[in-house]
Every structure is written in C-alpha cells, then in structure tokens.
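Protein chains: 2
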Amino acid sequence: MNNSRRKFVKNMSLGIAAVSTFNPLSKPYADKIKIGVIGTGLRGQAHISTLLKRTDTEITAICDIEPKMLEMSRKLFKDTGKPLPKIFTGDAYAYRKLLDPKSIDAVIIATPWELHTPMILDALAGGLKYIATEVVLGVTLEDHFEVVRSTEKNNAQVMMLENACYRRDTLAITNMVRQGLFGELIHLQGGYQHDLRGVKFNDGITPYNSGAEFGEKGFSEAKWRTNHSVNRNGDLYPTHGVGPLAVMLDINRGNRFESLNSFSTKARGLHNYIAKKGGADHPNTKVLFKLGDVVTTHIKCTNGETILLQHDTNLPRPYSLGFRVQGTGGIWMNLNNGIYIEGQSKYDHERWDDAKEWLEKYDHPLWKRWSKEAYQTGHDGIDFFVMNAFIEAAKRKEPTPMDVYDAASWSAITPLSENSIELGNETVTFPDFTGGKWMSRKNDFASTDAY
Amino acid sequence: MNNSRRKFVKNMSLGIAAVSTFNPLSKPYADKIKIGVIGTGLRGQAHISTLLKRTDTEITAICDIEPKMLEMSRKLFKDTGKPLPKIFTGDAYAYRKLLDPKSIDAVIIATPWELHTPMILDALAGGLKYIATEVVLGVTLEDHFEVVRSTEKNNAQVMMLENACYRRDTLAITNMVRQGLFGELIHLQGGYQHDLRGVKFNDGITPYNSGAEFGEKGFSEAKWRTNHSVNRNGDLYPTHGVGPLAVMLDINRGNRFESLNSFSTKARGLHNYIAKKGGADHPNTKVLFKLGDVVTTHIKCTNGETILLQHDTNLPRPYSLGFRVQGTGGIWMNLNNGIYIEGQSKYDHERWDDAKEWLEKYDHPLWKRWSKEAYQTGHDGIDFFVMNAFIEAAKRKEPTPMDVYDAASWSAITPLSENSIELGNETVTFPDFTGGKWMSRKNDFASTDAY
Numbered sequence: 001m002n003n004s005r006r007k008f009v010k011n012m013s014l015g016i017a018a019v020s021t022f023n024p025l026s027k028p029y030a031d032k033i034k035i036g037v038i039g040t041g042l043r044g045q046a047h048i049s050t051l052l053k054r055t056d057t058e059i060t061a062i063c064d065i066e067p068k069m070l071e072m073s074r075k076l077f078k079d080t081g082k083p084l085p086k087i088f089t090g091d092a093y094a095y096r097k098l099l100d101p102k103s104i105d106a107v108i109i110a111t112p113w114e115l116h117t118p119m120i121l122d123a124l125a126g127g128l129k130y131i132a133t134e135v136v137l138g139v140t141l142e143d144h145f146e147v148v149r150s151t152e153k154n155n156a157q158v159m160m161l162e163n164a165c166y167r168r169d170t171l172a173i174t175n176m177v178r179q180g181l182f183g184e185l186i187h188l189q190g191g192y193q194h195d196l197r198g199v200k201f202n203d204g205i206t207p208y209n210s211g212a213e214f215g216e217k218g219f220s221e222a223k224w225r226t227n228h229s230v231n232r233n234g235d236l237y238p239t240h241g242v243g244p245l246a247v248m249l250d251i252n253r254g255n256r257f258e259s260l261n262s263f264s265t266k267a268r269g270l271h272n273y274i275a276k277k278g279g280a281d282h283p284n285t286k287v288l289f290k291l292g293d294v295v296t297t298h299i300k301c302t303n304g305e306t307i308l309l310q311h312d313t314n315l316p317r318p319y320s321l322g323f324r325v326q327g328t329g330g331i332w333m334n335l336n337n338g339i340y341i342e343g344q345s346k347y348d349h350e351r352w353d354d355a356k357e358w359l360e361k362y363d364h365p366l367w368k369r370w371s372k373e374a375y376q377t378g379h380d381g382i383d384f385f386v387m388n389a390f391i392e393a394a395k396r397k398e399p400t401p402m403d404v405y406d407a408a409s410w411s412a413i414t415p416l417s418e419n420s421i422e423l424g425n426e427t428v429t430f431p432d433f434t435g436g437k438w439m440s441r442k443n444d445f446a447s448t449d450a451y
Numbered sequence: 001m002n003n004s005r006r007k008f009v010k011n012m013s014l015g016i017a018a019v020s021t022f023n024p025l026s027k028p029y030a031d032k033i034k035i036g037v038i039g040t041g042l043r044g045q046a047h048i049s050t051l052l053k054r055t056d057t058e059i060t061a062i063c064d065i066e067p068k069m070l071e072m073s074r075k076l077f078k079d080t081g082k083p084l085p086k087i088f089t090g091d092a093y094a095y096r097k098l099l100d101p102k103s104i105d106a107v108i109i110a111t112p113w114e115l116h117t118p119m120i121l122d123a124l125a126g127g128l129k130y131i132a133t134e135v136v137l138g139v140t141l142e143d144h145f146e147v148v149r150s151t152e153k154n155n156a157q158v159m160m161l162e163n164a165c166y167r168r169d170t171l172a173i174t175n176m177v178r179q180g181l182f183g184e185l186i187h188l189q190g191g192y193q194h195d196l197r198g199v200k201f202n203d204g205i206t207p208y209n210s211g212a213e214f215g216e217k218g219f220s221e222a223k224w225r226t227n228h229s230v231n232r233n234g235d236l237y238p239t240h241g242v243g244p245l246a247v248m249l250d251i252n253r254g255n256r257f258e259s260l261n262s263f264s265t266k267a268r269g270l271h272n273y274i275a276k277k278g279g280a281d282h283p284n285t286k287v288l289f290k291l292g293d294v295v296t297t298h299i300k301c302t303n304g305e306t307i308l309l310q311h312d313t314n315l316p317r318p319y320s321l322g323f324r325v326q327g328t329g330g331i332w333m334n335l336n337n338g339i340y341i342e343g344q345s346k347y348d349h350e351r352w353d354d355a356k357e358w359l360e361k362y363d364h365p366l367w368k369r370w371s372k373e374a375y376q377t378g379h380d381g382i383d384f385f386v387m388n389a390f391i392e393a394a395k396r397k398e399p400t401p402m403d404v405y406d407a408a409s410w411s412a413i414t415p416l417s418e419n420s421i422e423l424g425n426e427t428v429t430f431p432d433f434t435g436g437k438w439m440s441r442k443n444d445f446a447s448t449d450a451y
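Order-wise, the sequence lines are chains A and B. Just so you know, the numbering used here puts 216 at position 216 of the first sequence, and the rest follows in order with no gaps. Just so you know, the numbering used here puts 265 at position 265 of the second sequence, and the rest follows in order with no gaps.
To be clear, the hints were calculated from the coordinates, so they are not data collected in a lab. Please note: incorrect hints may appear among the correct ones.
Selected chain A positions facing chain B (Cβ under 8 Å, derived; list incomplete) [said to hold, decoys possible]:
| id | residue |
| --- | --- |
| 1 | Ile33 |
| 2 | Tyr319 |
| 3 | Lys346 |
| 4 | Glu350 |
| 5 | Asp354 |
Chain B is nowhere near these chain A residues, computed Cβ spacing over 12 Å in every case [unchecked claim]:
| id | residue |
| --- | --- |
| 6 | Arg43 |
| 7 | Lys53 |
| 8 | Thr60 |
| 9 | Lys97 |
| 10 | Asp100 |
| 11 | Ala125 |
| 12 | Ile205 |
| 13 | Phe263 |
| 14 | Thr306 |
| 15 | Asp348 |
| 16 | Glu360 |
| 17 | Arg369 |
| 18 | Glu373 |
| 19 | Pro399 |
| 20 | Asp449 |
Every beta carbon over 12 Å from chain A, so not counted as near; a handful from chain B, in silico [stated by the list, open to error]:
| id | residue |
| --- | --- |
| 21 | Ala125 |
| 22 | Asp203 |
| 23 | Gly279 |
From a predicted model like this one, the values you see are computed outputs, not experimental measurements. We put the CB at the ideal spot given by N, CA and C, even for glycine.
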C-alpha cells in the first residue's frame with residue numbers, strides 16, 4: 001500500500017492525477033472503514049459478499065424493506081462469521097436513520113433506479129462524504145444537476161459503481177490508447193445488448209426466466225425495472241457502454257459530450273415474450289410498452305470524436321457490449337475480438353488480428369496486481385475493482401477515480417435520449433455538469449496499480 | 001430459360017412480382033442485345049469483361065475521353081476474339097453520339113459519380129429504354145428527383161448496378177427473412193468500411209497505394225473521387241450497405257425511408273496519409289478535407305424499423321460492410337459471421353452460432369443455379385448477378401429488379417446526410433420518390449432463380 005501511495009503521489013507530481021476541489025480531511029489514512037448498505041436485493045447482496053471478503057471494511061448497517069432480502073443478507077454475514085450489521089427496515093424512509101456519519105464512514109446504494117437520487121441527496125444532507133451508488137445516478141435531467149450541485153456544496157464524493165470501466169479488455173485497450181497505439185481517437189462504440197426478457201418478467205418467486213409477471217406481482221428486478229420499459233423510451237442503461245469509452249476519451253477531463261441524438265425502433269419483443277410465456281390471454285399481453293426494442297444514440301464530443309451507443313434488451317440475442325475503439329492508428333472491436341494496428345499487426349489491412357495477444361501484452365497494471373482477488377468476486381472480477389476503488393479512496397480521503405461529474409454525464413444520456421426521441425429525433429445539447437471545469441481537469445483514472 | 005420464365009410468370013400471377021407502370025414493348029423476347037458502355041476506366045473494363053463472357057450480348061460501342069483506358073478496353077475485345085466496338089471519344093460530350101436507340105438496346109454508365117445524372121438524362125432524352133448506371137445515381141437531391149421524373153415520363157428502366165444485393169451471404173439472409181426466421185424485422189445495419197486511402201491517392205500512373213497525388217495529378221479514381229472527400233461531408237457511398245437491407249425491408253414496396261440523421265467525426269486520416277506517403281512538405285498536406293473520417297447515419301422506416309449506416313474510408317482498418325439483421329426471432333451479424341435464431345440455434349441465447357451452416361442451408365436459388373458462372377466474374381461473383389439481372393430484364397422487356405425508385409432512395413442518402421450534418425445533425429425528412437406508389441408496389445427482387 002505504501003508503495004502504491006508513493007506511486008500515486010509521484011504521479012500527481014507528474015501532473016497526471018486529478019486536479020480536484022476536494023480537500024482531504026485532517027483525519028489520517030484509515031485502516032478500516034465502516035460501511036452502510038441501502039438496498040439488499042440481489043445486487044446489494046453481491047456487494048455485501050464482495051465487502052465481506054475484505055479485512056479493511058466492516059458493514060455495520062444494512063437497510064431494505066423486503067424481509068426476504070434482509071434474511072438472505074443476514075445469511076451472508078453468518079456464513080463468513082462476521083459480526084451481524086444493524087438492520088434498518090419497516091418503511092420507505094427507514095434508510096434515513098442509517099445515514100449517520102457518526103456510525104458509518106461510507107454508504108453504498110443498490111436500490112431501484114428511481115431511488116438513487118433521493119437517497120444520495122439525503123446522504124449528502126446527512127453529512128456523509130463517501131457515497132457509492134449503483135448505476136444509474138438519476139432519472140430526470142434535474143436529478144443529475146441536483147446531485148452534482150449538492151455534492152459540490154457538501155464537498156463530498158459521489159461515485160457511481162460502473163464496473164465495466166474495469167473490464168480486463170477495456171482496461172487493456174485504455175492502456176493501449178494511452179500509449180498511443182490507436183493514434184488520435186476518432187470513433188467509439190459501446191452499448192448494452194443483453195436479452196433481459198427473462199429478467200423483466202418472472203413468476204414472482206424466482207428471479208429469472210420463470211414467468212410473465214412484473215411490477216407488484218414480479219420478483220427482484222421485475223418488480224421495478226420493467227416499469228421503466230412500460231413508461232419510457234430511450235437508452236435506459238447507457239453507463240456500461242459509455243463508461244469505458246468516456247475514460248478513453250478524457251470526458252470531463254479535457255473533452256466533453258456536446259450533443260446527442262437517439263433513434264428508436266418499434267416495440268415488439270416484450271409483448272411477444274409475455275404471449276409466449278404467459279399465453280395469449282395473459283393480462284400483461286394488454287400492456288403497451290413504450291421502450292423501443294433497439295435504441296441507438298449518437299454523441300458528439302467537443303474534440304471531434306463521435307460515440308455510438310446501443311440499447312437492446314427486449315429481443316433474443318447473445319450478450320455483447322459491442323465495443324469499438326477506432327483512431328488514426330487502428331481499430332479494435334470486441335464482437336469478433338479483432339484488432340488492427342497499422343504498421344504493427346501481423347497481416348495487411350485486409351485482415352483482423354486476434355486481439356487476444358494484444359490484450360495480454362497490454363494487460364493493465366491493476367489486473368496484473370489484483371487478478372487473484374478480482375476473480376473471487378462477481379462479474380468476472382470487475383465487481384472487485386469498482387468496490388476496491390471506492391473503499392481505497394474512502395480510506396485515503398482521496399477523490400474517487402470516477403466522480404459525480406462522470407456519474408452525471410454518463411447517466412444523463414438516458415433522459416437526453418428520451419428527450420431526443422420525444423422531439424422526433426431532434427439533436428439535443430448535452431449539458432456541461434462540470435460548469436467549465438472540464439477544460440482544466442486531468443484524467444487520472446487507473447493511472448497506477450493502486451486502485 | 002423457358003422454365004424460369006414460366007416460374008416468373010407464375011410468381012407474377014401469385015402477386016409477388018412487381019406491379020409496374022412499365023409496359024413491355026411489342027418487340028418479342030430478344031436472344032441477343034446490343035450494348036453501349038460509357039466510361040471504360042477500371043470499373044467499366046470490369047463490366048466489359050463480364051459482358052464479353054456472355055453469348056447474349058454484343059458491346060457495339062464504347063466511349064471514354066482517356067486514350068489509355070480505351071486502349072486497355074480494346075485489348076479486352078481482342079483477347080476474346082470478339083468484334084471490336086465503335087469508339088466514341090474526343091470531348092466530354094462524345095457520349096451523346098453513342099446514345100442512339102437504333103444502334104444499341106441498352107447503355108451502361110461507369111463514369112465518375114457527378115456524370116451519372118447528366119448521362120442518364122441524355123440517354124432518356126435520346127430514347128433509350130434500358131439504362132444501367134454504376135452507383136451512385138446522382139450528387140444532389142434535385143439530381144435524384146430529375147432522374148426519377150424523366151424515367152417515368154419516358155417509360156424507361158433505370159437500374160443502378162448495386163452488386164452488394166447479390167452477395168451470397170445477404171441473399172441467403174434475405175431468403176431467411178422471407179421464410180420468417182428473423183420474425184418481424186426490427187433493426188438493421190450496414191455500411192461501407194473500407195480503407196480507401198490507397199485508392200484516393202496514387203502516383204498518377206498506377207492506381208493503388210503508390211503516392212500522395214489526386215485530382216489532375218492522380219490516376220483512375222484518385223483523379224475524381226478524392227475531390228468529393230475535399231468538398232463534401234456525408235455518407236458518400238451508402239448503396240453497398242443499404243441496398244441489401246432495403247431489399248429485406250421492402251423499401252418502396254410496402255415500406256419506405258421516412259427520416260435521416262447523420263453524425264460525422266473530425267477529418268484526420270487523409271491528411272495523415274499524405275504526410276506519410278508524400279512527406280510533411282508535400283503540397284497536398286495543405287489540403288483541408290471536409291469529409292469526416294467516420295460518418296454514421298440513422299434512417300427511420302415507416303414500418304418502425306431503424307437502419308444504421310457507416311461510412312469509414314479514411315482510416316487503417318480491415319474491410320467490412322458491417323451487416324446486422326435483427327428481428328423478433330433472431331439476429332445475424334457479418335463481422336463475426338454469427339447468428340442466433342431463437343428456438344433453432346444450437347446454443348442458448350448467450351452464444352452465437354457460426355452462420356456458415358445457416359448460409360449454406362438457405363443458399364439463395366440464384367446462387368444455387370448460377371454459382372459457376374458467377375465465380376468467373378469479379379467481386380466474388382456479384383458482378384455477374386447484377387449484370388445478368390440487367391441484361392435478362394432488357395432481353396425480356398421486363399422491369400429491372402432494382403428500379404429507379406430504389407436507385408434514387410438508396411443514393412439520395414448522400415445529399416440528405418450532407419444536409420443533416422450541415423444543419424448541425426438535424427434530422428431531415430426523407431423524400432418519397434415513388435410519390436405514394438410505395439404503398440401498393442410489391443417486392444419481387446430475386447423471387448426466382450431466373451435473374
């Protein structure tokens with residue numbers, strides 16, 4: 001740790017770390033911090049499991065309104081022999097009692113999307129300085145502005161737990177981008193292309209592929225997530241795709257999103273799934289879904305690059321985040337895991353190299369150091385890294401590597417894309433959440449092997 | 001032929017052939033037709049070679065302004081022992097003398113893009129009824145309207161030689177679409193992603209990868225095509241990508257393009273190439289290229305589908321038309337040649353099938369019948385099919401399988417995308433070149449194995 005710390009300080013002196021308005025408190029480097037977790041559904045339980053493996057954190061409080069989820073969470077503690085946390089429950093505002101900076105150093109929020117913003121705002125108002133939230137940051141554009149301004153006012157750190165930024169492939173590509181192999185970046189693509197039909201509907205008891213119910217009669221994500229597909233049309237889940245690309249493009253750190261446009265197809269997949277799973281007479285076959293099956297979004301960046309994002313969750317298809325990183329020096333695509341770097345690839349420009357060797361050669365220092373620990377956690381190790389980054393920053397009282405400006409600009413894509421579609425595919429202006437600070441902020445994401 | 005003819009007539013009686021305003025002339029089915037070729041550059045010579053293999057055509061006239069190209073063309077005739085054609089040359093309007101319906105039955109135009117429209121209009125005015133043009137149909141939106149109206153007025157057939165519609169893979173996928181394997185189509189992608197730097201610049205003597213000259217000092221395509229990259233920003237070459245998709249989507253035949261939006265990146269690739277090939281002091285390093293390196297275009301269709309097109313010709317990259325065909329039943333992508341058909345694929349929805357077996361199983365009747373002849377011509381056989389379609393339609397005095405409405409709507413993507421970019425990525429209305437006839441026209445493209 002001391003070595004990493006030295007490296008970090010050294011990098012700061014080289015000018016590649018963040019210039020931030022965040023002032024470390026006087027409190028010294030903490031060996032152990034106390035965590036509260038709001039939302040102990042299946043995603044919250046994954047975070048609890050990740051944290052229970054660590055020796056530098058203690059989960060002292062958890063909160064949920066569902067007894068079943070709380071019981072499942074208590075079992076996780078019992079199985080590891082760690083002290084049981086204090087439980088907050090009983091009503092929709094029980095979490096407010098958990099938000100006590102005298103009892104916890106940091107809070108993790110893993111609740112339905114529409115609860116993130118109010119809970120973050122309450123945590124900030126309550127005096128907490130380290131707040132991690134599951135994606136996305138908020139629902140409306142106003143949500144995002146309010147969280148940004150409140151975070152600034154309270155001199156706090158709000159980090160969105162965007163684990164895709166720590167994928168082994170995207171971090172290796174980030175490494176290659178920084179070493180200049182792609183030249184000047186020109187066009188990037190990503191997205192969320194994941195058949196979620198078996199998540200959006202279930203039998204109310206088991207989470208996946210078990211039925212045609214949602215909302216009150218659904219279980220887990222089907223209980224709340226599906227309602228967004230009924231009522232909203234836009235890129236509802238942009239951050240896994242855009243996060244790694246924003247890091248490569250120095251977004252909010254010398255570059256920014258400038259304008260956005262979205263197109264949506266008709267909506268067919270969810271209705272068809274209900275009819276197949278529940279039968280043609282199932283009451284949910286009458287539901288009209290507003291979310292188009294495929295939503296495609298263009299973003300133009302101030303430095304002249306374009307980003308293409310796709311949201312595709314209602315149709316039968318193999319999973320793919322659909323990454324493409326293309327510059328004046330070469331191109332990588334993850335669908336075929338193909339790469340071409342001019343002057344260095346094995347073949348001439350008519351043929352893709354297998355990216356495997358390249359990704360191994362440019363494996364990011366974080367993965368070289370932490371792969372053993374990482375592979376013990378979920379989502380192929382990326383859950384380890386994103387949580388590690390939050391915890392290490394909190395212990396050091398340093399800025400989190402992804403901050404509230406990143407969270408706001410990545411997740412504001414959703415309301416902006418809704419807006420664009422609603423206006424007949426009008427191109428809309430992308431707000432600058434940094435208020436001009438993007439011009440002087442530096443990109444220090446994953447600049448060392450520390451976190 | 002008689003069998004095919006019977007099939008064709010049978011299909012017409014089943015209502016799947018075109019409903020057209022074109023009235024066959026009284027002249028009976030021709031065994032052999034006379035062809036004039038305008039433009040005998042490298043592309044024109046490829047068409048001449050294709051035609052010289054046929055016994056049902058005679059090229060009686062050719063026209064060009066470049067002696068070198070005419071000489072290369074004459075050699076093609078000599079090598080096959082076929083009678084030499086009459087040569088028209090000398091000035092930019094020499095082609096007008098070739099356009100004599102008493103001497104030729106059909107004309108093929110393979111000149112620079114900006115000459116297609118005036119030459120087609122002259123051919124129509126001269127009384128020719130079968131006119132084939134290389135892609136694209138015209139430059140401005142007005143070009144496209146003028147060709148459509150003049151074609152209608154003269155009761156003629158103007159076919160754009162879009163060979164990508166005859167790719168073995170896209171025809172097999174078209175076959176699968178028609179048999180319902182993809183369910184209802186939702187989202188499609190295509191494009192032209194081809195590193196053309198070595199085509200846009202050369203040494204003025206040899207066509208490919210030989211230097212940093214273009215315009216007056218360039219040879220072949222570098223002489224004229226590169227100027228479009230200097231002066232225009234848009235999807236300059238949309239038809240290879242959109243053609244096969246338009247066929248699958250019944251565009252102008254029950255469906256139509258309704259609106260369009262384009263985004264463009266900065267322009268870096270061509271400048272960098274000149275500096276590398278010609279040195280930092282080469283005069284062409286001062287040229288400012290208007291064409292963004294990657295231009296991405298969205299099209300919304302009346303029936304609720306979206307199409308995504310990409311134009312990417314200035315950067316180092318492997319060739320790919322980037323096809324994606326996605327419906328409620330499954331998805332195909334050609335980058336990884338992966339396919340997933342719900343309920344029929346080998347694996348569950350987390351994994352792609354190799355499309356190879358599927359493409360073989362659903363090989364189109366045209367390819368089953370003509371693959372031997374096809375593989376003797378250029379571009380993996382597709383040049384055979386597109387020329388065969390034009391010749392067979394002309395011999396029968398039938399409508400060409402791709403007509404002037406297809407040509408206009410596919411190639412009008414260029415001026416519309418320029419317009420969208422120029423207006424700050426505004427979404428623009430797509431004109432209806434059919435004047436409402438799209439509602440009743442039927443899709444009979446490649447409905448038999450005849451042509």
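ask   = Does Lys97/A really sit off the interface, with its C-beta more than 12 Å from all C-beta atoms of chain B?
value = holds, 42 Å
task = Would you assess whether Glu360/A, listed as outside the interface, keeps its beta-carbon beyond 12 Å of every beta-carbon in chain B?
result = holds, 20 Å
Non-interface claim for Gly279/B, where every Cβ of chain A lies beyond 12 Å = holds, 17 Å
inquiry  = If I take the minimum Cβ distance from Ala125/A to any residue of chain B, is it greater than 12 Å?
reply    = At about 39 Å from chain B, Ala125/A clears the 12 Å cut-off, so the statement holds.
query = Taking 12 Å as the cut and beta carbons as the points, is Phe263/A off the interface with chain B?
reply = violated, 4 Å
message = If we take the beta carbon of Arg43/A, is the closest beta carbon in chain B still more than 12 Å away?
response = Holds, since 20 Å exceeds 12 Å.
Status of Ile205/A, Cβ more than 12 Å from any chain B Cβ = holds, 22 Å
message = So Thr60/A supposedly isn't at the interface. Is its beta-carbon more than 12 Å from every beta-carbon in chain B?
response = Fine: 38 Å to the nearest Cβ keeps Thr60/A off the interface.
key: Restraint check, 8 Å cut-off on beta carbons, for Lys346/A near chain B   = Given a least distance of 12 Å, the restraint on Lys346/A is violated.
key: Distal placement of Thr306/A relative to chain B, Cβ over 12 Å   = Since the minimum Cβ distance to chain B is about 5 Å, Thr306/A lies within 12 Å and the statement is violated.
ask   = Was the hint right that Asp354/A lines chain B, CB cutoff 8 Å?
value = Since the shortest Cβ distance to chain B is 12 Å, the answer is violated.
inquiry  = Confirm or reject: Arg369/A is not an interface residue toward chain B, with every Cβ-Cβ distance exceeding 12 Å.
reply    = holds, 30 Å
Hint compliance for this structure: hints 1, 3, 5, 13, 14 and 15 are broken, all remaining hints hold.
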